[in-house]
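Got chain A; can you put chain B on it based on the hints?
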Amino acid sequence: MSNNANDREVIVSVKHVDISFDTGGKKKFKAVSDANFDIYKGETFALVGESGSGKTTLGRAIMRINPCSAGEITFEGKRISGKISKEEDRNVVRSIQMIFQDPAASLNERATIEYCVSEGLLNFHLYKDENDRIAKVDKALQDVGLLPEHKSRYPHEFSGGQRQRVGIARAMVMEPKFIVADEPISALDVSIRAQVLNLMNKLKAEKNLTYLFIAHDLSVVRFIADRIAVIHLGEIVEIAESETLFEYPLHPYTTALLSTVPMPDPLIEKNRKHKVYDPSVLDQSGAPREMKEVRPGHFVHCTPKEYDEYCAKADRLEKEKGVR
Amino acid sequence: MSENRKIVLSAKDIEVQFRVRDHYLTAIRNISLDLYEGETFAIVGESGSGKSVFTKTFTGMLESNGKISNGSVMFHGKDLTKLKTDKDWEGIRGAKISTIFQDPMTSLNPIRTIGSQITEVVEKHQGVSKAEAKKQAIEIMERVGIKDAANRFDEYPFQYSGGMRQRIVIAIALSCHPEILICDEPTTALDVTIQAQILQLIRDLQKELGFTTLYITHDLGVVANVADRVGVMYGGQIIEYGNVEEIFFDPRHPYTWALLSSLPQLGVKGQDLYYIAGTPPSLYNKIQGDAFAPRNEHALKIDFKQEPPFFKVSDTHYAKTWLLDPRAPKLEKPEVIRDLHEKIKKMTDKGGAFHVE
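The listed protein sequences correspond, in order, to chains A and B.
Under this note's numbering, the residues of the first sequence are numbered 1 to 324, in order.
Under this note's numbering, the residues of the second sequence are numbered 1001 to 1357, in order.
If we strip away everything but chain A, and leave its shape as in the complex, we get (with noise of 0.2 angstroms):
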């Protein structure tokens, strides 16, 4: 991970966007605001926060199924958000697939691992022919660690981590270039979570993809991301590199959801202190606020006067744990 940002290619750039929607009366709920970040090429980008959040409402906009009210989306350099042409949108629904949290739910009890896996080639016609096909779906299957005779079978009859293999072969099908997984592993027991997290790991080296990762976890969060950003009431309040934000915690709701994580020690655990947000510790003087760069690539949401108070607590953590 270089530090330097400006390098990297964007593939994907979030700009300024809103979300709102529709309540049946007058006034509209704001799910998303003013959210604004870019992501590069090759990383995972991670997205955390509670539910309610946002989190979800934000990468369902990236794959144009929820509509931005202000601000815009761009996939390679081009807008995807809004109306664009039919053509486009094909090209848009190819390059980012999705992985979903539930793996019983987002397949199709009534369809084959084959039919499954298969769906998007047959939309698209991205074979030559039957055996084509056939070809692709194999290599998709084997890619997650399944076998090409698992095709004719149901998804019912796999056990959850390799349903979650399949949903991830259905999308690695499409050759896409960025995926969005939204809490791929949450519905996941402990150890196969291990082994998909891992999976998700392998494909992004082998086919150089690019991952919106959205999680409530840290812990995960922390072992997967390289970049996280902290979303809270639809408000992203902290973006840094995975281990500036870990050590380095700056806004006190990212501290405050740090401090959630449960630790696997008794002892430490027993006596850890939870920390619950208060939001009244922020600046109240209703001054606007923005997100600013604190130190480079670590941006927090902030007024002027927190601003400072951000710089001043990163200047203490970096002199208490030596140079950055």
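If you are wondering where the hints come from, they were derived from the structure by calculation, not from laboratory data.
Just so you know, not all the hints are guaranteed correct.
[Said to hold, decoys possible] In the BS3-like style, the derived pairs of lysine-lysine whose C-alpha atoms are separated by at most 25 angstroms in a straight line are:
#	chain 1	residue 1	chain 2	residue 2
1	A	Lys305	A	Lys292
2	B	Lys1067	B	Lys1012
3	A	Lys207	A	Lys139
4	A	Lys321	B	Lys1345
5	A	Lys321	B	Lys1346
6	B	Lys1345	A	Lys313
[As the list claims (entries may be wrong)] Pulled from the structure, derived: some chain B residues nowhere near chain A, Cβ distances all over 10 angstroms:
#	residue
7	Gly1060
8	Asp1079
9	His1125
10	Pro1264
11	Ile1287
12	Phe1304
13	Ala1328
14	Lys1333
15	His1341
16	Lys1350
[To be verified] Facing chain A, according to a computed beta carbon distance under 8 angstroms, are these residues of chain B, among others:
#	residue
17	Gln1117
18	Asp1191
19	Thr1193
20	Asn1225
21	Glu1245
22	Thr1279
23	Phe1311
24	Ser1314
25	Leu1340
For glycine and all other residues, C-beta sits at the position ideal for the given N, C-alpha and C.
Same frame as chain A, but now just chain B:
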């Protein structure tokens, strides 16, 4: 310390079978467990290991195709496995032994007010008047941390957040002052930030009211947070149990090793995370030897032939693995979980990734 303590519930040689079409599936294979008064015991295992099924035998809540085919559950001199009808269970299920389930939305009735769902239980089990029940219900709502309880008494579950709903479920479970509280994955459906609060609430209430808590969870972080003693389940059996420190710092069964090793907290970026290959055994077939043997890289020949007995590690710590037999080769636990305490301490101390100021 546990020898002198009073046993509240004693399960012996429990076997549970389910009839599925024409087959019998043995979900629980000979589990014995004593629960001591006031302790917190955590059962940890993967889905399908039988942890929920096992505790359902304490409240007679097995699905209709399941039956306890062997063993006894002694509670106050009564064998709970002999109870048949709902009437037999009156005064025990919900009154002396209560359960909190995973998803608060499905345990509450969506079309009845929160208040009526609490008072219903209070009235039924304590035989008090409506007015008295309401008074008690508001008290207990306040006790579980619902602010402005009197006004929120007449609201519906959908008007409560997930964490608040789980607080209500806890309130209902505790309204009859049970002796045993079974918490079946109580925080799995909740947010991480809420999880810590709910665990703390249950702990505070336990200190105050003195009940015994039985946790069912797959999350070793939760276990470390709450448990005094831990039982690890695999393939319908408890394969290792002991005090919580013994299980985390001196685990002996290879399955416990594997479970601890695969925690993402211990993962090193850029390296593969440890994982357990294969899948849990099918419980339709008779399991020969150690159920974990096919997935166990340290398996001995005998593991495939003969089921290991419990070997004693300490007065409180037992493990069901042939590795503890004096004739077995000496094996050390995997590198990742050696010096676990020092490793975690480094992470949570000043300068570590999980340090909290």
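Is the nearest Cβ of chain A still more than 10 angstroms from the Cβ of B/Asp1079? holds (34 angstroms)
Does A/Lys292 lie within 25 angstroms of A/Lys305 when you go C-alpha to C-alpha?
holds (12 angstroms)
Holds or violated: B/Thr1193 as interface residue toward chain A, Cβ cutoff 8 angstroms? holds (5 angstroms)
Practice item. Please confirm whether B/Gly1060 is truly not at the interface, meaning its C-beta sits more than 10 angstroms away from all C-beta atoms of chain A. Key: holds (28 angstroms)
Least C-beta distance between B/Lys1333 and chain A, which was stated to exceed 10 angstroms:
holds (14 angstroms)
Hint consistency between A/Lys321 and B/Lys1346 [alpha-carbon to alpha-carbon, up to 25 angstroms] | This hinted pair holds, its Cα atoms lying about 13 angstroms apart.
For B/His1341, which was marked as not at the interface, is the minimum beta-carbon distance to chain A over 10 angstroms?
violated (6 angstroms)
Supplied contact hint for B/Gln1117, tested at 8 angstroms Cβ to chain A: violated (24 angstroms)
Classify the hint on B/Asp1191 as holds or violated, based on whether any CB of chain A lies nearer than 8 angstroms to its CB. It holds, given that the least Cβ distance between B/Asp1191 and chain A is near 4 angstroms, below 8 angstroms.
**Item:** Given as non-interface: B/His1125, which should sit over 10 angstroms from chain A by C-beta
**Value:** holds (33 angstroms)
Given hint B/Lys1345 paired with A/Lys321 - CA-CA distance at most 25 angstroms: holds (16 angstroms)
Does the closest beta carbon of chain A sit nearer than 8 angstroms to the beta carbon of B/Phe1311? Nearest chain A Cβ about 23 angstroms off; hint violated.
When the structure is compared with the earlier hints, violations turn up for hints 10, 15, 16, 17, 23 and 24 and for no others.
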